[in-house]
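Novice: Let chain A serve as the given structure and place chains B and C on it in line with the hints.
Chains as they are written, first to last, in this note's numbering: chain A, 1 to 356; chain B, 1 to 252; chain C, 1 to 178.
These are computed hints drawn from the structure, not numbers from a lab. Keep in mind that this is a model prediction, so the values were computed, not measured. Cβ coordinates follow ideal geometry from the N, Cα and C atoms, glycine included. Treat the hints with caution; some may be incorrect.
[Unchecked claim] For the chain A half of the interface with chain B, some residues (derived, Cβ under 7 Å), not all of them:
hint, residue
1, G68
2, C69
3, T197
4, M200
5, R208
6, N209
[What the hints assert, rightly or not] 27 Å max Cα-Cα, derived DSS-like pairs, lysine-lysine:
hint, chain 1, residue 1, chain 2, residue 2
7, B, K192, A, K204
8, C, K157, A, K3
9, B, K180, B, K7
10, A, K3, C, K159
11, A, K212, B, K7
12, A, K231, A, K186
13, C, K119, C, K158
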Amino acid sequence: MGKILMKGNEAIGEAAIRAGCLNYFAYPITPQSEVAEYLARRMPEAGGVFLQGESEVAVSYMIFGASGCGERAFTTSSSPGISLMAEGMSYIAGGECPAVFVNIMRGGPGLGGILPSQADYLQATKGAGHGDYRMLVLAPASVQEAVEMVMTAFPLAEKYRNPVMILGDGLIGQMMEPVEFPDHLKTEPSNKDDWATNGMDTRKSDRRNLVKSLYLDPELLNSHNLKLKAKYDRMKREEIRYETYHTESDYRVLIVSYGTMSRVCRTAIDELRSQRLDVAMVRPKTVFPFPEQAVLVASEKESCEQVISIEMSMGQMVEDVERSVRGKRQVHWFGKCGGEVPTPEEVIDAIKALVK
Amino acid sequence: MGKIFCKPVSLSDQATHYCPGCTHGVIHRLVAEVIDELGVRGRTVGIAPVGCAVLAYNYFTFDFQEAAHGRAPAMATGIKRVRPDLIVFTYQGDGDLASIGMSEIIHAANRGEKFTTVFVNNAVYGMTGGQMAPTTMPNQRTTTSPFGRNVEEVGMPIKVAELISALETPAFISRQSVIKPKYVVRAKKAIKRAFQYQIEKRCFSLVEVVSTCPTNWGMTPVEAVQWAEDVMHPYYQLGDKKSPDPIKDKED
Amino acid sequence: MQSEVMFAGFGGQGILLSGKILAEAAMDKGMEVAWVPSYGPEMRGGTAYCTVVISDRPIGSPIIRNPMHLVAMNRPSLEKFAGVIKPGGVILINTSLIPISSGRKDVDEVQIQVTDIAKTLGSVRAANIVALGAFVARSKIIEFDILENAVRNEFKKKKEFISLNLAALQEGKKAAQA
Numbered sequence: 001m002g003k004i005l006m007k008g009n010e011a012i013g014e015a016a017i018r019a020g021c022l023n024y025f026a027y028p029i030t031p032q033s034e035v036a037e038y039l040a041r042r043m044p045e046a047g048g049v050f051l052q053g054e055s056e057v058a059v060s061y062m063i064f065g066a067s068g069c070g071e072r073a074f075t076t077s078s079s080p081g082i083s084l085m086a087e088g089m090s091y092i093a094g095g096e097c098p099a100v101f102v103n104i105m106r107g108g109p110g111l112g113g114i115l116p117s118q119a120d121y122l123q124a125t126k127g128a129g130h131g132d133y134r135m136l137v138l139a140p141a142s143v144q145e146a147v148e149m150v151m152t153a154f155p156l157a158e159k160y161r162n163p164v165m166i167l168g169d170g171l172i173g174q175m176m177e178p179v180e181f182p183d184h185l186k187t188e189p190s191n192k193d194d195w196a197t198n199g200m201d202t203r204k205s206d207r208r209n210l211v212k213s214l215y216l217d218p219e220l221l222n223s224h225n226l227k228l229k230a231k232y233d234r235m236k237r238e239e240i241r242y243e244t245y246h247t248e249s250d251y252r253v254l255i256v257s258y259g260t261m262s263r264v265c266r267t268a269i270d271e272l273r274s275q276r277l278d279v280a281m282v283r284p285k286t287v288f289p290f291p292e293q294a295v296l297v298a299s300e301k302e303s304c305e306q307v308i309s310i311e312m313s314m315g316q317m318v319e320d321v322e323r324s325v326r327g328k329r330q331v332h333w334f335g336k337c338g339g340e341v342p343t344p345e346e347v348i349d350a351i352k353a354l355v356k
Numbered sequence: 001m002g003k004i005f006c007k008p009v010s011l012s013d014q015a016t017h018y019c020p021g022c023t024h025g026v027i028h029r030l031v032a033e034v035i036d037e038l039g040v041r042g043r044t045v046g047i048a049p050v051g052c053a054v055l056a057y058n059y060f061t062f063d064f065q066e067a068a069h070g071r072a073p074a075m076a077t078g079i080k081r082v083r084p085d086l087i088v089f090t091y092q093g094d095g096d097l098a099s100i101g102m103s104e105i106i107h108a109a110n111r112g113e114k115f116t117t118v119f120v121n122n123a124v125y126g127m128t129g130g131q132m133a134p135t136t137m138p139n140q141r142t143t144t145s146p147f148g149r150n151v152e153e154v155g156m157p158i159k160v161a162e163l164i165s166a167l168e169t170p171a172f173i174s175r176q177s178v179i180k181p182k183y184v185v186r187a188k189k190a191i192k193r194a195f196q197y198q199i200e201k202r203c204f205s206l207v208e209v210v211s212t213c214p215t216n217w218g219m220t221p222v223e224a225v226q227w228a229e230d231v232m233h234p235y236y237q238l239g240d241k242k243s244p245d246p247i248k249d250k251e252d
Numbered sequence: 001m002q003s004e005v006m007f008a009g010f011g012g013q014g015i016l017l018s019g020k021i022l023a024e025a026a027m028d029k030g031m032e033v034a035w036v037p038s039y040g041p042e043m044r045g046g047t048a049y050c051t052v053v054i055s056d057r058p059i060g061s062p063i064i065r066n067p068m069h070l071v072a073m074n075r076p077s078l079e080k081f082a083g084v085i086k087p088g089g090v091i092l093i094n095t096s097l098i099p100i101s102s103g104r105k106d107v108d109e110v111q112i113q114v115t116d117i118a119k120t121l122g123s124v125r126a127a128n129i130v131a132l133g134a135f136v137a138r139s140k141i142i143e144f145d146i147l148e149n150a151v152r153n154e155f156k157k158k159k160e161f162i163s164l165n166l167a168a169l170q171e172g173k174k175a176a177q178a
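Pulled out of the complex, with its shape left as it was, chain A reads as follows (with noise of 0.2 Å):
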C-alpha cells in the first residue's frame, strides 16, 4: 500500500483501528478533537465502538471497564483532559489492566493555550495520577511515527498490562505528513483469560476473575506495589527506544530533545555542522523509560563539553538528563512553552551562547 498524506489526528486513529483496536471512547478538546470525529465515522464503518463520554472522567473508566473485560480499548485527549482521566490511569495501572492513552499536548498551567508543547512531561513520565505508578511513554517525532508507535502500543500495554501514552506534542496532530500502515504491526490481543472480566462462560471455567486496585492489608499493597515495580523495571530492560545523530564523531555540544522539538534540533544541527560547530543529539523516544545509559554514554565522550535539554517545557526533561549525566558534564536547558515551537535559529543561537 502506497503512502497517503494524513493529519496525525487522524493518521492516529486509523493506526488505532489497524492495530486491532476497535473500541474508541473520547471527550473533545483541541487540538486533538480530529481523532473522536475521524473515528466517528470510521469506527462504526470498521465494526468498532466509537462513543463520546459525558467528560475525560468518564472516559478514562470506560476505557478501563472495556479493558477489565478483555479488549484493547484507547482514548485520545489534549494537556487538561489528560489531568482528569489521570484518576483513572491510576486505577487501571493499580488494576493492571491494559490501555493506551494519546496525549496531543498542549501549553498549560489551567487552560494555558491550544498550540503546541511538551509542557506534560513530568506528568507522562513520573506518574500523572496518585499513587506508585508509571506509563510506558512513546514520543513520536513524525506522524508515521506517531502511527508505529500507536500500533505498537497495544501489544506493549497488553505486555504488561499496564496503561501506555503516546505523548505528542499539538504540531505532531495537526500536522499533515505521508504515511504508511504497516501491516505488520497489526498484533492479536494477547490471551486474557486468567485475569479479566470477560464472563466465566467466555472462558468456559468456573474460577471467577477479579480486576480491582484495593488491598487493604499493608503486607498485600506492599507486595502488590513490589510487583508493579517489578514491572516498570522490567520496561527499563527492555522498552529503552532512542535515537542517536552525529554521536558517531567528534561533538562539542550533546543535545537531548524529543518529540517535534527534535527535528527542529536536527535542522539547527545541520546548520551548526556546516558552520564547523559539531552538535550531536540523543532523541529519547521512549521518555519513561528514559534512555540514561544512551545519554551518559553521549554525554561522556571526550570532545563533548556541555549537554543542553532542548524541550518545549520550562525544564522537565532536563532533570532526567542531569539525572542521566551525573555530573560528569554541565547541564543546560533551553526551551520555550507558549504554544511557539522554537525555530532553528533560536536553537543555533542557544547553543552559540553555551560555547562562547
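Specialist: Chains B and C alone, transformed into the frame defined by chain A:
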C-alpha cells in the same frame, strides 16, 4: 423431600464485614438470587463502588471489577459497549452515586446504557465514618452535620429515582426498601425486572433501595428500621417511577 | 534541496486546501512533505495560513521562520509575511483584494487578479486553485501535470468540481506566464 431453601450459588461462603443491622447483606442476597434464577451467573460482571460495598466482590462468585468513587456507571458503559452479551450491574451507595458520581449515573442513564444499577440509599456515608450524604434527611445528624442537616445551607436530600426518571430516555426506575420482609419481597421483584430489562436489551434500569445504617445513625438495628420507616419512607416514596413497559406495570 | 511555501489568506478562502493539494502532488512525485497549519480560534474568519515543506530528504524542522515562497490571498497576509520570505522566492499577490505590492526587490513578485479570474470561471471559491496554478507555473516547484493529477484526486468524490478546478489551474498558469 428435596431441599427447599439454600444459599444462592452466586453468593460466596465468606462472612460479610457489614455491621449488625446493616441491610447490604439482604440486598446482596437479592441480587444473587435474581442472577441464579435468571441463569446468567456465567456471563455476569458486577462493579463494586467506593463505600461500604467496596468489598462486595468478596461475597459474589462471578466476575467483578472495582471502580473508583462514583465512576461505576462509566465503567459499566465501557464493558457493556464492548461486550453487549455480558450482564453488567453496578452496586453503589448514596455518597458514591448521588454525590461524586452524579455526572456518570445521569449520563449513563440518559444514553440508555443497557446495564443495571442497584443503588443503596442509607442517607449517610458509611465507609468513611458517617458523614453527610446528598440523601441525608433534613436535621439528620452526621459527623459533618453535627447540628443536623441544615437545608438552608445544603439544600434538600436528592431523590435519585425521581431525578433520573425525569430523563426522556426510556428506562426502568424503581425505589424499594428492605427494612421489613414485606418490602424485601417487592424489592426482589423490582431487581429481577431490572435485570430482565437488561437481558432483553431494553433499557437502562435502576433500583434504589432504602436501607439502614444503625452504626452511623447511632441507633440500634430496631430503632434504625423504625426511623427508616418513619422518616425516610415518607420522603423517599416507594414504587416504580418509570418503566419502558406501561402495560406490564398495570398487570403488576 | 528543500523548499517551503506559505499559503495565507482569510479563513474560508481555501488556503489549507491549496496547501494540501500541493503537498499531495509533491508526495505523489516521491518527495518528502509536511503540511503545517495554523490552528485554533484564528481560523474562524481570521487569518489562516499553512506552510508546505517539500524536500528530497527527511524533513527536519517543520517550523519555518523564513519560507522560500508566499501565496498571499489577502492584504493582512501580505503585510504580515512579505518580510520573512527568502530572497529569490516567489511572492504571489492576489491583486483583486490587495492594492499594494510586497515592497521586496529581491523576490519574484507575481501580481494576479486571482479572485476576478475565479469569478469569470463561475465560482469565486476556485480562487485558491487559480492561485495554486499560477504559483506552481511560476515557481516550477513541481511539474504541472502532477499538480493536475492531484487536483483530480482531491475532487474525485465531487466529480462535478474537477473540470472547474482544472480550468482554474490553467487560468492561473496563463496569468502567471503573461
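Novice: Indicate, hint by hint, whether the structure satisfies it.
Specialist: Here is what the structure says about each hint:
1. G68: holds, 5 Å
2. C69: Given a least distance of 5 Å, the restraint on C69 (chain A) holds.
3. T197: At about 4 Å, which falls below the 7 Å cut-off, the nearest Cβ of chain B leaves the hint on T197 (chain A) intact, so it holds.
4. M200: holds, 4 Å
5. R208: holds, 5 Å
6. N209: Status holds, d = 5 Å.
7. B:K192 x A:K204: OK: K192 (chain B) and K204 (chain A) at ~25 Å, within 27 Å.
8. C:K157 x A:K3: OK: K157 (chain C) and K3 (chain A) at ~19 Å, within 27 Å.
9. B:K180 x B:K7: Within the cut-off at roughly 20 Å; holds.
10. A:K3 x C:K159: Within the cut-off at roughly 23 Å; holds.
11. A:K212 x B:K7: holds, 26 Å
12. A:K231 x A:K186: holds, 24 Å
13. C:K119 x C:K158: holds, 20 Å
No hint from the list above goes unmet by this structure.
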